[in-house]
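Asks: One-letter residues, chain by chain:
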Amino acid sequence: MGIETSTLDRSAIHGEEMVLNIGPQHPSTHGVLRLQVLTDGEIVTKITPYIGYLHRCFEKHCENVTYEQVIPYTDRCDYVASMNNNFGYAVAMEELMGIEVPEKVHHIRVIVAELNRIASHHLAIGTFGLDVGAFTPFLYCFRDRERILDLFELLCGARLLYNYIWVGGVSHDFPIGFVEKVYEFLDYFEPKIQEYNDLLTFNKIFIERTADVGVLPADVAISYGVSGPNLRGSGVKWDLRKNEPYSIYNKFEFDIPIGTGAMGTVGDCWDRYYVRIRELEESVKITRQALDQMPREGDVHAALPKKIRPPKGHVYSRTETPRGDLGFYIISDGKPKPFRLKLRSPAFTALSCIDEIARGWMIADVIAILGSLDIVLGEIDR
Amino acid sequence: MELLLQKFSEVSFLSGIPSALLFVFAATLIAVSLFMFVAVNAIVAVYAERKISAFMQDRLGPMGQGVGLHAGKWGLLQTVADAIKLLIKEDIIPSLADRKLFILAPFILFIGAFIVFVGIPFNQHILVADFNIGVFYIIAMSSIGVIGIILAGYGSNNKWALYGAMRSAAQIISYEIPLALSLLTVIMLVGSLKMQDIIIAQHGLIWGILPNWFIFNNPFTFIAFFIFFISGVAEVNRTPFDLPEAESELVAGFHTEYSGMRWAFFFLAEYANMFIVAAMSAILFLGGWQSPIPGYMDSPAWGLFWFMGKAIFLIFVMMWFRWTFPRLRTDQLMQMCWKYFLPISFINILGVGLWDLWLN
Amino acid sequence: MTEDPSADGWHYVIAHMDYREIVDYINRNFNELYSPDTREEPAAVLRVSPKDWTELAYFLRDDENLVFDSMMCITGIDYGIEDENLGVAYNLHSMTHHHKLEVRIDVPKSKPMIPSVEKIWRMADWFEREIYDMYGITFEGHRDHRRILLPEDWVGFPLRKDYEFPETWHGIVVPKIKEEWE
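In order, the protein sequences belong to chains A, B and C.
All letters in the first sequence, in the order written, are residues 1 to 382 by my numbering.
All letters in the second sequence, in the order written, are residues 1 to 360 by my numbering.
All letters in the third sequence, in the order written, are residues 1 to 182 by my numbering.
Bound conformation, chain A alone (with noise of 0.2 Å):
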């Protein structure tokens, strides 16, 4: 049952064209996202998105504020993966500053963001699922995110904003018995991704609604600046973790799942949709080896002045969050507050090429391959 939309004889069945508006108040969008579509008919012909709606200020309020301060800052990007984000952040302000943390912090930091990185690929498989219209994945993914959730209020008291990875550190150390309950959530977990895979991943409607839809080429991915799991989706073997190891990932053994065409075309919705779901079982491999590996005794902070004064200078440092490279440039004149700080936010690249890939389908495909992009519009908008 493979639609031939893109291939139609528009000419026999052009109608006059409505523009709808997808969003800002809209369910599927991901939170305040308005697309303008132009539609003929079901076919929707172009698509503009307008962003900004969640625009917080953040690079001006990081000028205002000093070094430490950003990162609750960050948080708020990628409220999805606020372990990630912090994390880049903490990286970036490492290398423009020299500093060597300790191992100890290294293995926690992994840890915790690969239990974020489960925790967002949660979201986007479940919401995946619900924009094109299974609403049960979405509960069982949240039944499962509810515990990394609780890991983390266990570890830090936030839920979602953790503010946990600091510069030179992280916040606290581990709680008692925190180790063995991750441990205990990684059982449990593990055999989760065959209920995943038994409900949606290989439903024959499912399929039928994202194979071969949205199809993003490497090439326009690679020129889009497409990065992380969408990339990844249409074929090119690029991640971060891999290819340049920031932290200690180049210490743990896993794969690169990658997009293989394997129910349709490579780049294809379902392709993206499986890489994350490939990536949930790599994300569980690199936490076992980094809690197997992680000293017990230690320190959690390297040794720092209570107020940051980086040395003059610049510095483009990037890393693997859940949506793709998260890219902080960030330019110091030597005072405690950041003489600028760019956010290169993936989904803010992913979104931009959603008129190339989702033009000629349906307003139904609009919603899915938005939906298998993964954007998350704090991040975007910053």
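Keep in mind that the hints are not guaranteed to be accurate.
In the SDA-like style, the derived pairs of lysine to any residue whose C-alpha atoms are separated by at most 25 Å in a straight line are [unchecked claim]:
#, chain 1, residue 1, chain 2, residue 2
1, C, K119, A, L38
2, C, K109, A, I248
3, A, K181, A, I248
4, C, K51, A, S223
5, A, K60, C, I81
Bear in mind the hints are in silico, worked out from the structure with no lab data behind them.
Here the structure is a predicted model, which is why all the values come from computation and not from measurement.
Guided by the hints, dock chains B and C onto chain A, whose structure is given.
Replies: Quick look at chains B and C alone, frame taken from chain A:
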């Protein structure tokens, strides 16, 4: 109806009242009791849907705890509370909507669902009117609803609602065809459009073990049952065919602008329609009120039990669908109807004709 | 790089060049136009004037020894109230050869015009719009040159250091923030 009138004429103190008045009285009584049935059906079904979805999704669903205002034990009062909330909610009509059509739409949809109940036999005796064109009447009346949906979509003056209405019109009209065609197979076997005739024809055993329901009658009716049921699910806009109200695409589809009591009527109609589809499948293919073991447990009370049991099971299957499947896309939906169901239905009719001709 | 990715079966070939090599290579092709930045890596940048930028951009992307196919980030910079320049930093990366380059273009605040590279790297589309939004740098040749994050009728360019916050916007009073809150 005739039965009721006859009963009335037997009661002594009513004998002085003119028969026309009695007729009106009887009709009102029936209408009120049917409305009660539809409303109770919706309340029970909504509660069941909440609980079933909850259990399928590994959660508890509505639960009440502690003292004070809450949803009762196991959330039993949840739907009652919902109904009260809907009743006392502010009635909002968008200023740019077509007022008349906007108000009219939910009633037309509801009437379309409601009057179908006139033709549904609940057991050997509970049947408002056994028309000689029973099946035809039900099919005809159940398509009135689509007018309500189109009016709602058009009258709301909302693009999402319009999309929902357009999809709905296309979908319901398309699926009417395989629905009616698969129904024809049964009519060919019975030779009557009367509902009770169809049920009585399914009495007895087949090959000594299976009840002589039409689903087991021959391979073609077996397929016809599934086509009928799936088309029925598509007719009532349930997942995976809920495109007219696809909440992730069209916000809420044709009833985007409705709220409060007007919205409740859409809801009532949806659950009434679900019951109709389930009841029709049960009557046409699963023997209606016939007991699965012929000769046993076939008193009228058991008849009601069997009929409701079959219908409720099919409603459960619909809910099961809803909480398991993703949604199809418009073109896939149409493709399924025109490219698969329609040819299969035609083959079915041919097959049933030949089967009947040669084997019986 | 602590690990050689080619050992893991990567599909690209490492023809890695460091900053000095890249600048030398470009200079060989552009008549010694660019002088290397004297500072150490990774701070080293290639300073380009706006008029040379389009030609260089095509060269950077298409030359088979460079193949900067991926634009990582474009950052607008205001060098301060006293400084008369605005800057734009382009962070380039080659997915094929796995090397990086930062290109810095400075333009005077009086006439902030830079040729757009939106057709060369599609990713630049929204990033250039954002820089226009925040710094008021005009990108010549951009096909969809309008504000992106701020409303279209916003006055001023907020990330400039001399930006004054408006008192009201469409009649909505903007609350005054306290200075130096910590």
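Asks: Determine for every hint whether it applies to the structure shown.
Replies: Hints and how they fare:
Restraint check for K119(C) and L38(A): satisfied, since their Cα atoms lie roughly 23 Å apart, inside the 25 Å limit. Of the supplied pair hints, the one linking K109(C) and I248(A) is violated, its CA atoms being roughly 43 Å apart against a limit of 25 Å. For the proposed pair K181(A) and I248(A), the alpha carbon gap of about 23 Å is at most 25 Å, so the pair holds. Of the supplied pair hints, the one linking K51(C) and S223(A) holds, its CA atoms being roughly 23 Å apart against a limit of 25 Å.
Note on K60(A) and I81(C): the hinted pairing holds, with a Cα-Cα distance of about 15 Å set against a maximum of 25 Å.
Consistency with the previously given hints fails for number 2 only.
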